[in-house]
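**Q** Those sequence lines, one after another, are chains P and R.
Using numbering that gives the first Met the number 0, you'd call the opening residue of the first sequence number 0 and step up by one each time.
Using numbering that gives the first Met the number 0, you'd call the opening residue of the second sequence number 0 and step up by one each time.
Honestly, the hints are just simulated from the structure, not real lab data.
Treat the hints with care, as some may be off.
Partial pick of chain P residues on the chain R-facing surface, computed with a CB cut under 7 angstroms [what the hints assert, rightly or not]:
1) LEU2
2) LEU3
3) VAL7
4) VAL14
5) MET30
6) MET32
7) ALA36
8) ARG37
9) LEU39
10) SER67
11) LYS136
12) GLU225
13) VAL230
14) LEU231
Over 12 angstroms on every C-beta distance to chain R, these chain P residues come out as not near it, computed from the model [to be verified]:
15) ARG33
16) ARG168
17) GLU321
18) VAL341
Just so it is clear, CB atoms sit at the ideal spot from N, CA and C, and this is done for glycine as well.
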Amino acid sequence: MSLLNDLVNLNLCDVTEKVIAEYIWIGGSGMDMRSKARTLPGPESDPSRLPKWNYDGSSTEQATGDNSEVIICPQAIFRDPFRRGRNMLVMCDAYAPTGDPIPTNKRFNADKIFSHPDVIAEEPWYGIEQEYTLFQKDTKWPLGWPVGGFPAPQGPYYCGVGSDKAFGRDIVDSHYKACLFAGIDISGINGEVMPGQWEFQVGPVTGISSGDQVWMARYILERITEIAGAVLSFDPKPVLGDWNGAGAHTNYSTKSMRNDGGINVINEAIEKLSKRHKEHIAAYGKGNERRLTGLHETADINTFSWGVANRGASVRVGRDTEKEGKGYFEDRRPSSNMDPYVVTSMIAETTILWKP
Amino acid sequence: MSLINNFIKFDLNETTRKSIAEYLWIGGSGKDLRSKARTLPEPVTDPAKLPLWNFDGSSTDQAPGDDSEVILRPQAVFRDPFRGGSNILVMCDTYTPAGYPIPTNKRFNADKIFNHPDVAAEEPWFGIEQEYTLLQKDTRWPLGWPVGGFPGPQGPYYCGVGADKSFGRDIVDAHYKACLYAGINISGINGEVMPAQWEFQVGPATGISAGDQLWVARYILERITEIAGVVLSFDPKPIPGDWNGAGAHTNYSTKSMRNDGGINVIRKAIEKLGLRHKQHIAAYGEGNDRRLTGRHETADINSFSWGVANRGASIRVGRDTEKAGKGYFEDRRPASNMDPYVVTSMIAETTILWKP
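Isolated chain P, as found in the complex (with noise of 0.2 angstroms):
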């Protein structure tokens, strides 16, 4: 087998100045990710000079036989962690040959947000908390679980060691170094309360940005669940019963809310999510009903709350914030299956573009 590895770790840089760019889009159902490669005559960090491609939009239901091609664009690179050398990953959204974003292209009407003066002037950071579970391939049930039954009850397992409380971890630290040698922003990782559950946070990153990185850095996890032989699942609930759901929470600032008297400021934008809270809801995820239930820390979905440190409100803001003046603040209602360019967009949206 070492002769394979060698072979998929082959460094091409002393022998040809061709490069491989793997492309990647979100596929038909809002949440898979597709990627296929294509050889370039040398190395490119602008996005913006990358060839455009096409797909076959109707193996993806994106589009239909007799008319099937997609185009992707090239939106944002970074550096391949496993072809390394000069290869890259190149996060792309998907057209139609009219050159119209199609339905699923979330990215398209982010990026209008984000490229709106208003919007622009506040510089928007955001910090997102991604949860996902691992699971057993062939049984589908949680990795470290024993098949046909469960664990002991949660208590011992958020950030814990040992391996009978943490399930997983070469995955989980196999894909913090590989985001950071792809570029992505990663601020840190931790294990969850559920076990066979974890947490990678991306951020902060500013605006568009930071939905391509939770992109790549989703797709580098299922590229490196793939290699382990674990089903990466980012749905809401996994487990149902007395275990915790898994979220995205979405911590958020803009230029105003960072100065002084900001404080003032979150507690603007706070109200105005209040009031905007079914739409949020209804674009915060498939399924969060079963996980938004008022238990295991997270607020009831049909309620608008917010407290100081209080992980049982919809948005939580920390004491330090509290404490200094300014700062941000912490969405805790998106689930981990939501689209980040979705979440992201409509909370600057709702904070700073709309007027009750």
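With chain P fixed as given, assemble chain R onto it according to the hints.
**A** Chain R alone, transformed into the frame defined by chain P:
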């Protein structure tokens, strides 16, 4: 195992000027690849400077036992990704001792067509999309499929990522780099619609070189699956039922097609191909009738059709070509087990030389 690997990876350049040449040829079935190696006194890169060789044709269904020598004539040289250093892979074709091409030598005729002045003047380019299926060694059931059963229906696998959607990526990625190292113009790879089915593309390559490069790419792939302990299949319909077949779509253009007004040359070429549909189909690979059913993104084997962006047609013209008024087209009829020497030269012959 690591001691054996040390020897395999030995760099002989420090101790000797000798190099190893692996001579490759196509065996008696027209589909099986064969090879054996010899020591050269020093590195060679020009096929014309390599010695002719011979092999026991009675062991490959290519000669009788009492007159068994078949002559190997080097035609193309590539760097050996397995032995590294200055070692080479040599693509050969086969002749009787009297100097005539043996019946399974399809390269000879193809070369005559490509050397015709009218064909040479048109600089025919080929891009071949080679699909293939990976099978478990002992069960001959596709890689990653449950033994005795089936995976979930097609949908998630095309360009998919994740342990439950992508089977055998390390083989595919090792092959990509190995081919680039060897000097093959491999332009990309992607996961296919049927799980455990993959595709790589070779091209654009001019004339006879397309066939040489594709055959060597197939050889490298089979060497890699040999290392991985997996069986390689070029069968055009490996699993009957609602599972895609495997093709070798052949993209084609001539100088005239690539220049302004090329779209008219393309239309004429497609028309000529339509008039010789039966002859082409007969040469486009054994067992293609199991694949070309009119379903699963194929056109029915008995009818000839073409369309822009239409994956259910015999020939597809891309939207880019339609828009630019020049470019190339895709013949979707060839099966994965086609002989690229036959297909490429026949397309050139029909579209450039043949008069209806």
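**Q** Take the hints in turn and mark each one as holding or not.
**A** Against the structure, the hints:
no., hint, in the structure
1, LEU2, "holds (5 angstroms)"
2, LEU3, "holds (5 angstroms)"
3, VAL7, "holds (5 angstroms)"
4, VAL14, "holds (6 angstroms)"
5, MET30, "violated (11 angstroms)"
6, MET32, "holds (6 angstroms)"
7, ALA36, "holds (5 angstroms)"
8, ARG37, "holds (4 angstroms)"
9, LEU39, "violated (10 angstroms)"
10, SER67, "holds (5 angstroms)"
11, LYS136, "holds (5 angstroms)"
12, GLU225, "holds (5 angstroms)"
13, VAL230, "holds (5 angstroms)"
14, LEU231, "holds (6 angstroms)"
15, ARG33, "violated (4 angstroms)"
16, ARG168, "holds (17 angstroms)"
17, GLU321, "holds (41 angstroms)"
18, VAL341, "holds (21 angstroms)"
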